[in-house]
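Peer 1: Whole structure, please, built from the sequences with the hints as guidance.
There are 2 protein chains.
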Amino acid sequence: MKETLNIAVVGLGQRGTLLLKDTILPQPDVNIVALCDVYSDRCEENAKVVVESGRPAPQLFSDYHDALALDAVDTVIVTAAWESHIEIACAAMYAGKAVGFEVGGAYSIEDCWRLIRAHEKTGRPCSMLENTCYGRDELLVLNMVRQGLFGEIVHCAGGYRHDLRDEISRGRENRHYRFRNYLSRCCDNYPTHDLGPIASILDINHGNRMLSLVSMASKARGLHEFILQDKGADYDAANFHFAQGDVVTTLIKCAHGETISLTLDTSLPCPYSRCFQVQGTKGMFEEENRSIFMDGKDREFHEDWKPRWGCVEEYREAYDHPLWKEFLSNGVRGGHNGIDWLMMRAFLNAVKAGRSAPVDVYDAASWMAISALSEQSIALGSAPVAIPDFTGGQWLLRQRWQP
Amino acid sequence: MKETLNIAVVGLGQRGTLLLKDTILPQPDVNIVALCDVYSDRCEENAKVVVESGRPAPQLFSDYHDALALDAVDTVIVTAAWESHIEIACAAMYAGKAVGFEVGGAYSIEDCWRLIRAHEKTGRPCSMLENTCYGRDELLVLNMVRQGLFGEIVHCAGGYRHDLRDEISRGRENRHYRFRNYLSRCCDNYPTHDLGPIASILDINHGNRMLSLVSMASKARGLHEFILQDKGADYDAANFHFAQGDVVTTLIKCAHGETISLTLDTSLPCPYSRCFQVQGTKGMFEEENRSIFMDGKDREFHEDWKPRWGCVEEYREAYDHPLWKEFLSNGVRGGHNGIDWLMMRAFLNAVKAGRSAPVDVYDAASWMAISALSEQSIALGSAPVAIPDFTGGQWLLRQRWQP
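From first to last, the protein sequence lines are chains A and Y. For the first sequence, position 102 (counting from the first letter as 1) is numbered 102 according to the numbering used here, and the numbering increases by one without interruption. For the second sequence, position 298 (counting from the first letter as 1) is numbered 298 according to the numbering used here, and the numbering increases by one without interruption.
Hints listed in this document are in silico derivations from the structure and should not be mistaken for laboratory results. Each hint should be verified, as a subset may be incorrect.
A pair holds if it fits inside one copy or across any two, identical chains being indistinguishable in the list.
[As the list claims (entries may be wrong)] Distance condition first, Cα-Cα at most 20 angstroms in a straight line; then the derived EDC-like pairs of lysine to aspartate or glutamate: (1) Lys2 x Glu314; (2) Lys352 x Asp41; (3) Lys297 x Asp230; (4) Lys21 x Asp41; (5) Lys121 x Asp74; (6) Lys297 x Glu167; (7) Lys352 x Asp74; (8) Lys297 x Asp166; (9) Lys219 x Glu152; (10) Lys231 x Glu173.
The structure displayed is predicted, hence computed values, not measured ones.
Peer 2: Okay, structure coming up:
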């Protein structure tokens with residue numbers, strides 16, 4: 001069991017900067033040994049933040065290979081652009097490091113296998129840093145599901161509904177990878193935020209697995225209209241054709257007959273939501289109005305047509321997940337209402353013990369594969385496509401995910 | 001323009017009985033000439049209700065052919081089992097009657113064409129009696145869409161979420177057609193309640209059309225568990241295998257690039273909802289929390305994470321549909337919070353003027369076809385299937401639907 005981890009952070013855009021400042025720097029058991037970004041200004045600014053926090057100045061790199069070559073580094077955190085997550089994670093493992101990488105989708109199925117191979121060859125711990133698996137409501141529902149309150153789970157839904165029009169359309173100024181992705185690809189490019197908590201509820205890769213999917217994309221109108229209004233008709237991107245449909249819906253069939261519906265919805269005006277919904281033979285959870293419907297307890301109609309909106313709070317005391325109860329009693333810290341903190345603690349504790357945290361490479365590969373497979377299905381007119389078993393049959397044996 | 005319509009009601013189960021009593025009998029411009037049901041007790045009970053309302057006793061029939069042979073009948077209302085809607089509607093048209101038939105899905109695409117042919121050969125008015133097209137919120141949203149408040153519409157969702165476990169499982173005692181359907185079929189068997197209002201928003205068959213769909217069904221667990229608990233393990237149906245998956249999700253692609261997501265969810269515990277959702281480039285409507293999100297006005301995050309739940313009421317005064325404003329000032333009447341009444345008035349007024357009401361045979365055929373096509377897609381492992389153009393190209397010319 002390691003006492004302290006010596007960390008290199010690779011990728012210091014918006015996400016890396018936020019995670020470093022709010023969630024990594026406050027940890028007592030890490031040293032920040034190296035920072036790496038292709039843009040030197042990002043390295044320098046983040047180095048300042050590290051020093052201002054009272055820590056020694058880290059070494060700075062523009063090429064991640066150089067950072068990985070440092071003997072002093074034992075743990076790599078990848079917060080770079082989507083396209084480089086798997087490449088850098090694999091390189092880190094081959095360099096003998098433990099690695100955790102930020103969320104995103106895969107560009108090809110072969111990329112997912114590459115991740116599996118790197119882990120199996122090197123034995124190095126490798127985890128995807130999916131914070132939504134530590135969401136308070138997500139864990140409350142997981143807790144209730146595992147205690148049988150919803151009965152047998154039959155259908156789950158999730159989504160990433162987030163109005164990113166401003167971020168995406170300023171992609172060239174702010175050097176953000178979403179711009180090029182939206183310009184040239186059409187798929188559920190960000191499935192893991194919504195799929196992660198559902199996968200833990202359905203024991204995906206842990207006694208169950210995803211078999212096939214179909215995906216359908218709406219037309220792309222949101223970004224064009226936004227840029228036209230924001231920048232005017234003379235701005236070049238006002239006339240670009242974005243390939244990415246505004247709303248992409250994906251349906252997934254599981255080995256035990258459950259279905260999953262995922263929605264990507266990032267270029268239209270909307271309130272933020274992960275559209276989380278769980279339906280079993282005894283009850284239902286619905287994020288849109290934060291309500292729980294229990295068989296034999298709740299009525300289908302109410303005078304005001306509000307099915308007990310917000311009633312999830314009635315279950316809070318009895319079913320808040322133990323992890324959250326402890327977190328609340330110690331004081332919630334870190335970004336995204338604390339879910340970054342819980343996710344980072346799970347990662348650091350696992351690496352110190354020499355193992356992968358949940359979400360490991362098998363889970364990560366199958367979740368990330370949804371992007372590449374939804375792209376295929378859309379390109380084939382919503383044809384069904386098979387989802388590989390990245391565990392090679394081990395999903396029949398793998399123990400349940402514990403947050 | 002006819003002053004009075006002479007009506008035969010065919011099918012007097014739960015729906016026919018309710019519609020007759022609450023919505024047809026109170027109309028001033030109809031005579032109830034004939035009642036027909038294969039079960040004589042149903043005829044007799046409903047005849048009593050007619051007489052008690054102060055009207056002359058209707059003639060009673062067990063075979064609909066005999067009812068259609070009556071010269072005194074000019075208008076037929078079909079409230080029989082799903083399987084007979086199209087058969088009886090066609091027979092009514094060939095007998096020279098105007099006809100309105102209750103909602104449900106089609107069993108084959110040929111059935112849909114049969115409906116089209118009967119109408120085109122006879123020229124008789126024929127309408128589907130889809131009450132949800134007259135829903136207050138549905139018409140408010142349609143009104144706002146047509147005034148451009150949501151911008152260009154990109155994606156719509158709908159559903160029929162209704163816990164029917166009790167009704168379905170008692171299907172043999174209460175002679176309800178759902179039992180046999182759930183036992184032997186797996187599809188979105190009831191698509192028009194949710195699709196109807198969406199079709200009017202997207203101008204389906206009126207400048208736009210549905211091109212293709214994919215459909216996926218979850219496992220079937222709800223009915224088995226319900227019957228087991230309700231009746232015990234010794235009850236025969238507790239050991240039946242129901243073919244109908246508990247949750248069926250269908251994705252539809254439209255000619256102008258919009259997507260539609262439909263959910264059938266009738267055998268799990270849940271609050272009633274038609275899961276209505278409309279997304280455009282300027283705003284969004286969400287039924288689950290009855291909220292409207294407007295670009296530039298609403299914020300994506302709120303302190304309490306409630307995106308202005310219920311705020312649809314803020315739009316009520318300005319955008320309630322004129323039809324509903326008038327209805328409210330005259331006093332809302334009839335079943336299902338008044339939507340049956342508005343639907344029936346539209347039907348009767350159209351027949352008196354010698355024409356089909358919205359929803360006409362072309363709309364009805366394409367909406368009902370979703371059942372047969374979702375059954376095909378599910379059977380083919382969620383393969384995409386083409387949706388026929390029942391208008392023969394006239395969808396490019398047909399005028400917008402007006403409620």
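Peer 1: Now, for every hint given, state plainly whether the structure supports it.
Peer 2: Against the structure, the hints:
Neither within a single protomer nor between protomers do lysine 2 and glutamate 314 lie at most 20 angstroms apart by alpha-carbon distance, with minima of 41 angstroms and 58 angstroms respectively. Within a single copy, lysine 352 and aspartate 41 get their C-alpha atoms no closer than 31 angstroms, and across copies no closer than 76 angstroms, so neither meets the 20 angstroms cut-off. For the identical chains of this complex, lysine 297 and aspartate 230 are inter-copy neighbours only, at 16 angstroms across copies versus 49 angstroms inside a copy, given an alpha-carbon limit of 20 angstroms. Taking the shortest alpha-carbon separations for lysine 21 and aspartate 41, only the intra-copy value of 16 angstroms comes in at or below 20 angstroms, while the best inter-copy value is 76 angstroms.
When the C-alpha separation of lysine 121 and aspartate 74 is checked against a cutoff of 20 angstroms, the pair qualifies only within one copy, where the shortest distance is 18 angstroms, while the shortest distance between copies is 80 angstroms. Taking the shortest Cα distances, lysine 297 and glutamate 167 sit within 20 angstroms of each other only across copies (18 angstroms), while inside one copy they are farther apart (44 angstroms). With identical chains, the CA atoms of lysine 352 and aspartate 74 are at most 20 angstroms apart within one copy only, with a shortest distance of 10 angstroms there and 83 angstroms across copies. For a Cα distance limit of 20 angstroms, the shortest separation of lysine 297 from aspartate 166 across copies, 15 angstroms, qualifies, whereas the shortest one inside one copy, 44 angstroms, does not.
When the C-alpha separation of lysine 219 and glutamate 152 is checked against a cutoff of 20 angstroms, the pair qualifies only between copies, where the shortest distance is 11 angstroms, while the shortest distance within a copy is 36 angstroms. For the identical chains of this complex, lysine 231 and glutamate 173 are intra-copy neighbours only, at 13 angstroms inside a copy versus 66 angstroms across copies, given an alpha-carbon limit of 20 angstroms.
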